[in-house]
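Novice: Listed here are the chains, written in short residue letters.
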Amino acid sequence: MTKATITVNGKPVTAEIEGRTLLVDFLREKAHKTGTHVGCDTSQCGACVVHVNGVAVKSCTMFAAEADGAEVTTIEGMAGADGSLSAIQAAFQEHHGLQCGFCTPGMIMSASALLKENPKPTEAEIRHYLEGNICRCTGYHNIVKAIMAASGQDVTSIAAE
Amino acid sequence: MYAFDVTRPKTVDEAVAALSQEDAQALGGGQTLIPTLKQRLASPSALVSLTGIEDMKGVCQDGDTLVIGGGTTHGTVASEGGAYPALAALASNIGDPAVRNRGTIGGSLANNDPSACYPSAALASNATIVTNSREIAADDYFQGLFTTALDEGEIITSVRFPIPQAANYQKFVQPASRFALVGVFVSKHADGVRVAVTGASEDGVFRWSDAEDALSGNFSPDAVDGLTASADGLMTDLHGDAEYRAHLIKVLTKRAVAACQ
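Chains as they are written, first to last, in the UniProt record's numbering: chain A, 1 to 161; chain B, 1 to 261.
Pulled out of the complex, with its shape left as it was, chain A reads as follows (with noise of 0.2 angstroms):
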């Protein structure tokens, strides 16, 4: 057992940790930031997506002893210190972009990277951005709606089918 400090949307977490432990079992169980959720535990389905200073990374295939002394950003941490929710949070909300709901932080985080590397995703861009994201209720064409809505685009022309 080691011990690791990771600051968890800017708050530093220090807790011991087997060589073994990943960094989604760090969030979930020392931070007890449980919004981040596993999936598949295979590094498909994106479900564990976090920012890692910065970059999102699936959490649950990185060791939490490669995240000392990193920055993470959870799905905790996107909405205002006063609960009020982020653009890209309002805009799934808005445009019905989850049904149950397991798979949005994930999606949430990647739609954040997207648009911080890429302010204004054209249709084609976002999904092909969402690959590692999987999502089995919505079909995904609401979550692509979001999306292009939070990044403040026209999305009358993607009506749903």
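Hints in this document: simulated from the structure, not taken from any laboratory. Among the clues, some could well be false.
[What the hints assert, rightly or not] Derived DSBU-like pairs: lysine-lysine, alpha-carbon spacing no greater than 35 angstroms straight-line:
1. A:K30 <-> B:K38
2. B:K188 <-> B:K250
3. A:K120 <-> B:K10
4. A:K116 <-> B:K38
5. B:K57 <-> A:K3
6. B:K38 <-> A:K11
7. B:K188 <-> B:K38
8. A:K11 <-> B:K10
9. A:K120 <-> A:K11
10. A:K30 <-> B:K10
11. A:K11 <-> B:K57
12. A:K30 <-> B:K57
13. A:K116 <-> A:K3
14. B:K10 <-> B:K57
15. A:K30 <-> A:K11
16. B:K250 <-> A:K116
17. A:K116 <-> B:K57
18. A:K3 <-> B:K250
19. B:K38 <-> B:K10
20. A:K116 <-> A:K11
21. B:K38 <-> A:K3
[Stated by the list, open to error] Which stretches of chain A does chain B cover? Using the computed rule of at least three CB atoms under 8 angstroms from a CB of chain B, they are:
22. 14 to 20
23. 49 to 59
24. 89 to 101
[What the hints assert, rightly or not] Examples of chain A residues toward chain B, derived with CB under 7 angstroms:
25. T42
26. F63
27. A65
28. E71
Yeah, the Cβ is synthetic: ideal placement off N, Cα and C, and Gly gets one too.
With chain A held as given, fit chain B onto it using these hints.
Specialist: Relative to the frame of chain A, chain B by itself:
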């Protein structure tokens, strides 16, 4: 996963020393190794993470060569490898964005998955694999399924890619895994054309020498028309049989050459 220690050395020398322990294994971005550990298909006593070694990260141009640190992520190659556009494009289509932010070129080449993208680029570009102890030509480096010329504990510190006159990579994506069902990298250099094929052979990446000869004489898609890629030794699985993969090799080679025009 079985239990193991994780260490994060800051220098190549420290990493080499750490890897000399019994059953120690290098950890690149972990996008293949961590899933492998979860399935208990590997049981190292210690993992030596290479992600803390700053000297092994980054992309730089050295004359007609693009030098990429072994610890450079696919995402960084995609965004900073513009001096070799075909290589940057290949990197931008590996896995998905989160995987590209962790996975490294050194990790991919050390693993030598038979369906990975980078081996085809290294072989077609006549790249040099630079390790902590020597330089290895790509033609000598790839030695079969998950097998390379690397010795135990040897680390890829950088990869040197001669920048070709023209190049293109065509990947027929297996949509569930996003690996190449077949991928063909065509690279035109002053001394001829090289064609490397990934995703197809039971022995991993290989050069299609008939196409290289034809394209070195006439660099146009038509030059490949009279050729047939052999299905001998190609993979057959639920996604496609050997004959289908052989067909794809030819189609993708033509598309790659057309994209170079």
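Novice: B:K38 and A:K3 were given as a pair; does the straight-line alpha-carbon distance stay at or below 35 angstroms?
Specialist: At roughly 22 angstroms apart (the allowed maximum being 35 angstroms), A:K3 and B:K38 satisfy the hint.
Novice: Would the hint linking A:K116 and B:K38 be met if the CA-CA limit is 35 angstroms?
Specialist: holds (32 angstroms)
Novice: Would the hint linking A:K120 and A:K11 be met if the CA-CA limit is 35 angstroms?
Specialist: holds (31 angstroms)
Novice: Checking one constraint from the list: CA of A:K3 to CA of B:K250, max 35 angstroms. Satisfied?
Specialist: violated (54 angstroms)
Novice: Should the hint that A:A65 touches chain B count as held when the rule is a Cβ pair under 7 angstroms?
Specialist: holds (4 angstroms)
Novice: Between the region 89 to 101 of chain A and chain B, are there enough contacts, at least three residues with CB-CB distance under 8 angstroms, for the coverage claim to hold?
Specialist: violated (count 0)
Novice: Taking only the CA atoms, is the gap from B:K250 to A:K116 under or equal to 35 angstroms?
Specialist: violated (39 angstroms)
Novice: Given the hint that B:K188 pairs with B:K250, does the C-alpha gap stay at or below 35 angstroms?
Specialist: Given that 35 angstroms is the threshold and the Cα spacing comes to 17 angstroms, the pair holds.
Novice: Is the hinted pair B:K57 and A:K3 satisfied, with a Cα-Cα distance of at most 35 angstroms?
Specialist: Holds, because 26 angstroms separates the two Cα atoms, which is no more than 35 angstroms.
Novice: Against the 35 angstroms threshold, does the CA-CA distance of B:K38 and A:K11 hold or violate the hint?
Specialist: holds (30 angstroms)
Novice: Would the stated hint for A:T42 survive a check requiring a Cβ distance to chain B of less than 7 angstroms?
Specialist: holds (5 angstroms)
Novice: Given A:E71 as an interface hint, is the shortest Cβ-Cβ distance to chain B below 7 angstroms?
Specialist: With a closest approach of 15 angstroms, the A:E71 hint is violated.
Consistency with the previously given hints fails for numbers 3, 7, 16, 18, 24 and 28, ordered from lowest to highest.
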